[in-house]
Amino acid sequence: MPVINDDFWYDSKTLKKPIKSLEEKWKIVPSFLAVKGLVKQHIDSFNYFVNEDIKNIVRANNKVLSDADPNFCLEYLDVRVGTPNIDDSNLSTHPTTPNECRLRDMTYSAPIFVDIEYTRGTQRIMRKDLLLGKMPIMLRSSHCVLYGKSDYELSKLNECPLDPGGYFITRGQEKVILIQEQMSWNKMLVDDSSGQIQCQVASTTHQKKSRTSVISKHSKYYLKHNSMTEDIPVAIVFKAMNVVTDQEIIQLIGTDPETQKRFSPSLIELVEHKIFTQKRALEYMGSKLVTKRYATAAKKTPADEARDLLATTILAHVPVEQFNFQMKAIYLALMIRRVMVAEVDPNSLDDRDYYGNKRLELAGSLLSLMFEDLFKRLNNDLKTIADKNIPKVKAAQFDAVRHLRSTIITAGLESAISSGNWTIKRFKMERAGVTQVLSRLSYISAIGMMTRVNSQFEKTRKVSGPRSLQPSQWGMLCPSDTPEGEACGLVKNLALMTHITTETDETPVIRLAFNSGVEDIRLLGGDIINHKGVFVVFLNGNILGVVLGYQKLVQIFRLMRRKGRIAPFVSIHVSHLRKCIYIHTDGGRLCRPYIIVQRGQPLVKQDHIEEVKNGTRKFEDFLDDGLIEFLDVNEENDSYIAYQESDIDIERTTHLEIEPFTILGVCAGLVPYPHHNQSPRNTYQCAMGKQAMGVIGYNQKNRIDTLMYNIVYPQSPMVRSKTIELTNFDKLPAGQNATVAVMSYSGYDIEDALILNKGSIDRGYGRCLVYKNTKTTIKRYANRTSDRIMGPAKDAATDKVIFKHDVLEADGIVGSGEKVVNKMVMINKEMPSVTSSNPVEQKDVPQQATAYMPVPITYKGVEPSYVEKVMVSVNNDEDLLIKLLLRQTRRPEIGDKFSSRHGQKGVTGLIVNQDDMPFNDFGMSPDMIMNPHGFPSRMTVGKTLELLGSKAGVLQGKFHYGTAFGGSKCTDLQDELFEKDFNYLGKDIFYSGITGEPLEAYIYSGPVYYQKLKHMVQDKMHARARGPRAVLTRQPTQGRSREGGLRLGEMERDCLISYGASLLIMERLMLSSDAFNVDVCSHCGRLAYSSWCHNCRSSTNVAKISIPYACKLLFQELMSINVIPKLTLKSY
Amino acid sequence: MAKIGDKKPKVILEEFKIKENSEDYGFADEQFNREDFKRNFKLKVIKKSNLDIEFDLIGITPAIANAFRRIMLSEVPSMAIEKVYIYNNTSIIPDEVLAHRFGLIPLKADPRLFEYKLDEKDEEGNELDTLEFKLEIKCTWKNKDVKDSRNFDAMYKNHNIYSEHIKWVPRGKQGTLYNEANIGPCDDKILISKMRPGHEFNIKLLAVKGIGKDHAKFSPVSLATYRLLPEITLLKEIRGKDAQLLQKCFSPGVIEIDKSGIAYVKNARYDNCSRNVYRYPELSKNVEISRVRNHFIFNIESLGAYKPEEIFILAVKTLKNKCDVLLEELNFENK
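Chains as they are written, first to last, in the working numbering: chain A, 1 to 1132; chain B, 1 to 335.
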């Protein structure tokens, strides 16, 4: 094989000249994103499910038989998903668009059609295009109407061309199925759980999920499985699997003296249990079975059940054909070996947090679980109906099609996505919070959500391992973007170039493996498997065989992958520690493209980059030509990857990094010069970028969101990064370039507060639009009544429309453009007081006019809003749906929150008139003053560089770059400033706007990109003197929305007690809260009523005191349970 | 005690801070002497055009100079659109944003001819204090079969709404008193909104007189500022390459090199004071950059309602009025 050996031809000396670095290598990144897009993983996964997996599922469950009639058989021939549509009222449908679904609160879903063949009586009938249910369609997937549309076509569908898609629309809400991180299944993991070494395998197949482990206890080995009441000695399991002789067992595990010594106690245990045959072993296991709750119809002996269990449930992923347990025995033996090795060598324990041991579950795989479950339920229902109905003799013969209920799948999928509760019955899986509402606060928050990875780990457990940054996350997950606090390190974000694999067929891989020297495991005995020179080959967690000379196998595989003969996402890596070769074709692995390096030379040459630049080369071409390949985490860690061209080691380097900034994700990519910042600052910015106001999409005016923040004059940042351009943040920005002077001004700038220039605000800086919606439906009720909308009411005396109804139009709905103030009615809706359909009731009052009660939709809010839009439509239940969009324009005020892109947030401390602001030689006063104390402890050097870059950029009329690990150099920026006759340090002379004298210090000033965050005082400020009280306790209500009081809490109370301010406590806790005058009988100590003690039947001793109402309530409640509290009164 | 006028009082621009001259005790100790002031005060107009002016005020204190600047910015009145009645707006710009944009359009109307509107409740105002404008415009299709979809001019009519589309509606005698050319927006091509067919404006605009303190739109200037006169002294003879480097460190025209290759200060007036010499420590040792503390170079750019010099004069008058008011109140106290 010349091709393989060709690596050894070179003479290392002649090739030792420095490798030329590739210019503009980053151009590969946009071409990657053009193909893959930011949310390609979601869409790929969904496409795979809708186009292939759904067919596999239906094929696997394609027959429905009946116990009642052996002739009855319903067979699914084919399944396919149509294009999204909506059912109209008159049994017809019309094709729909995502925006229609959003506006009308509907589900964006497409019909699933099946072709079936079934028996009706004696006939065999074929039916085509039968509706099985409706499948929610992921936006921009292959079945979405947006698929393959041009920007112009998208805009005609009211869709933003920059919107990434990858989410669903259910009941008008945009829902994302978050990427779920899980431990890798079908993989042996050896770990040490409090001194006990165990090897655990989580087996997963379409049918079963189970967890099997081999544990070592008192130097004996046991098999642990939750279908067994106690741990089974492994030797018994071997016997049960028909590996009967001790010799066979020990050969499978290993014949070297050490192994023999270690395993002998386990063998001796057999004698103790007196188990020598398979039959006895099965009986033993049968006696340890967990009793099932539902006894099956056909009773099996415990031994038979144990055998079934062994074949199907224990290590479910290892195939057993015709009860031939050979593969399973080998697998089990290997597990035992792993435990033995780990007992001796702690280094061979597996790292559970290692990212190669993780799999990511995407929308497609989660939906396929859900769909399979629902499909099985549908078939089961069909079967029970058939069992029930076939024996009955009826006029019409049993027709299965009539009982094919499409709502099971339609409602099941819809409710799963809209609630986020993933309940898979057959796996007893119950997960909540799988889906989330897509956050549309800003474009970045939406994209950030699509790349979010959710870990299944409990948030409350206090272990640092799963939360800490794993070195194997390099390039796959963003090191900066994680929330602070509870979910820190558990919620992660994908890096820019990460791809998640979908499942590929393993048959060609098996064939290739056998052709390249792998010996089939089924043909080998235990001795050979455990031979020293031999490497065990695993395919997706199953033992495929063994191989001598693993290098050749690996080389062939890599070559074939680069030549495109096997799928690009097949990965192969060697574990020298375990002497294993792992081949993976499964879905959910993280992977990332790298430039291939051969003989010290990167295969991608400058010409290729030029071709990318002039558009003749696409990313696929790199893959097809074998210049770039995808490596998953495991293979990445088995490769020698150079960070840059100069790092290439001729002897060892296998790959070259495409571009270092791609190790960051979308949110961290917004930060200019992140490599100059203290790392937590970048993390803070990642969280804050999602709260920044800006443009959320080109279609923002066509949406009616519950809450939308827009900035009036958004700007693209002066200092950009490559990521900003790749994610289109420059087209949908969230912020403005404010001229910042870093200086102290007044005392209102302490603790990160900012000083704003009133002139700038007058001219539109930081101005924002806040959109809110309100909606209502006009329902129809069972008793033939329905809600109604009434026109504006008139004052009887003046014949003028009452103030509350002033903005209503004749139809009872507010007109668009109207200004609404607090408590005004926007929709004058009324509801019938009786809505039940009790037939008795209806008979009693036949034709009486129904009484209505008003349920108006009113505006709440101190600040007025304007009505932007009124939408009247019909929703899914064919009820009238009215949506109103309200708008407010806000100018920045004291207390509004702003932040730069370096995790430096601050609230406005003071707004200063323009004439009071300091000004420089050009008469320019800054838009914002920032206190220099923000710098020393935060160490956000990136911000100072951003300022310098923006200033130079403004003077030159160009954008500077602050791309991570690159960007414009500080000295270059200084040169540019120098060139433009500005101080090269960025410091200008300023004059005090108040005294008019020049300031002693030079002021570092220039534009910095500032984001306005969604937290504004107007939404938060709250105070109360008197106001509403809770009905039950008569105490003031809680919370701003209920105009509640401010609580004097326990700690505050403690202060007052220790101070001895008893009257103040009395006032705060009772008089200002729920003081209540009660009559108390000082004789018997009970509460009296109207100056009359009902107990003493007298009024002589009744006194009036004032106690908290809650106290009186407590007394009464105590009395209701036969406890009588008595008050003792004394005069003082 | 060093007095203004004895010699030029200076502040020295050091590398990291502005230092006052050691013999100069500043204005704090100085008594105002009317005769001295009369003798030393100078006003020189350097440049003047229709919209901007540059002049020097020499021999005054920064407090006075700053007072002029501040008054020009925020207390010299001008007319601006204050009330916007939107009868129809089908464009994509929300009403409030549109109103804000109208407000920022500078108007040519001479504020001296109008009165402040005093009655807040009277929204409409009268002919003495209010100017009325209207904007009624609709975007329509011009030609639907244009090949190039970016050629908006060929496709649509009125797709760009400029300030020139705002029409003045004279009230009462206004039509006879004023000429339309002297009332409307200062610039014809201020873009208000972009439109597409079907979009329409029907808007009434009311402009009133106001001051910049209330809202920046009432400020009559786009720029009103001063700076101190720079002065550069070369302490040593600088020649050759160093001279060329020195020349680069200052604004063009500040440092020239004579035939023998020796650098000399030609005109320090237009130096930006970038202090870039400090980038070259060996060079900066031989240069002293300073600014004359009582020489104010004023720059005023008018938005169009006034001539730039009028703004300054109005500012002086305003300050005088303020002084009068203060004096009156002081006298009142004394009596």
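Derived from the structure by calculation, the hints contain no laboratory data. The structure displayed is predicted, hence computed values, not measured ones. A portion of the hints provided could be inaccurate.
[Stated by the list, open to error] Listed next, the in silico DSBU-like pairs over lysine-lysine satisfying Cα-Cα at most 30 angstroms (straight line): (1) B:K121 with A:K794; (2) B:K213 with A:K701; (3) A:K869 with B:K248; (4) A:K804 with B:K204; (5) B:K213 with A:K1014; (6) B:K121 with A:K980; (7) A:K819 with B:K204; (8) A:K731 with B:K204; (9) B:K134 with A:K823; (10) A:K800 with B:K121; (11) B:K8 with A:K701; (12) A:K969 with B:K157; (13) B:K121 with A:K701; (14) B:K241 with A:K869; (15) A:K20 with A:K40; (16) A:K987 with B:K241; (17) B:K83 with B:K241; (18) B:K194 with A:K987; (19) B:K121 with A:K987.
[Claimed, not checked] One side of the interface only, derived from the structure: several residues of chain A facing chain B at Cβ under 10 angstroms: (20) L146; (21) Y147; (22) G697; (23) K701; (24) S716; (25) G759; (26) K883; (27) R887; (28) G923; (29) K987; (30) S992; (31) Y1089; (32) W1092; (33) T1128; (34) Y1132.
Beta carbons: idealized from backbone N, C-alpha and C, even for Gly.
How the hints compare with the structure:
no.	hint	in the structure
1	B:K121 with A:K794	holds (27 angstroms)
2	B:K213 with A:K701	violated (35 angstroms)
3	A:K869 with B:K248	violated (60 angstroms)
4	A:K804 with B:K204	holds (27 angstroms)
5	B:K213 with A:K1014	holds (29 angstroms)
6	B:K121 with A:K980	violated (52 angstroms)
7	A:K819 with B:K204	holds (18 angstroms)
8	A:K731 with B:K204	violated (34 angstroms)
9	B:K134 with A:K823	violated (34 angstroms)
10	A:K800 with B:K121	holds (22 angstroms)
11	B:K8 with A:K701	violated (62 angstroms)
12	A:K969 with B:K157	violated (48 angstroms)
13	B:K121 with A:K701	violated (35 angstroms)
14	B:K241 with A:K869	violated (70 angstroms)
15	A:K20 with A:K40	violated (33 angstroms)
16	A:K987 with B:K241	holds (27 angstroms)
17	B:K83 with B:K241	violated (63 angstroms)
18	B:K194 with A:K987	violated (39 angstroms)
19	B:K121 with A:K987	violated (49 angstroms)
20	L146	violated (21 angstroms)
21	Y147	violated (23 angstroms)
22	G697	violated (14 angstroms)
23	K701	holds (6 angstroms)
24	S716	violated (18 angstroms)
25	G759	holds (4 angstroms)
26	K883	violated (18 angstroms)
27	R887	holds (6 angstroms)
28	G923	holds (3 angstroms)
29	K987	holds (8 angstroms)
30	S992	holds (8 angstroms)
31	Y1089	violated (56 angstroms)
32	W1092	violated (59 angstroms)
33	T1128	violated (64 angstroms)
34	Y1132	violated (58 angstroms)
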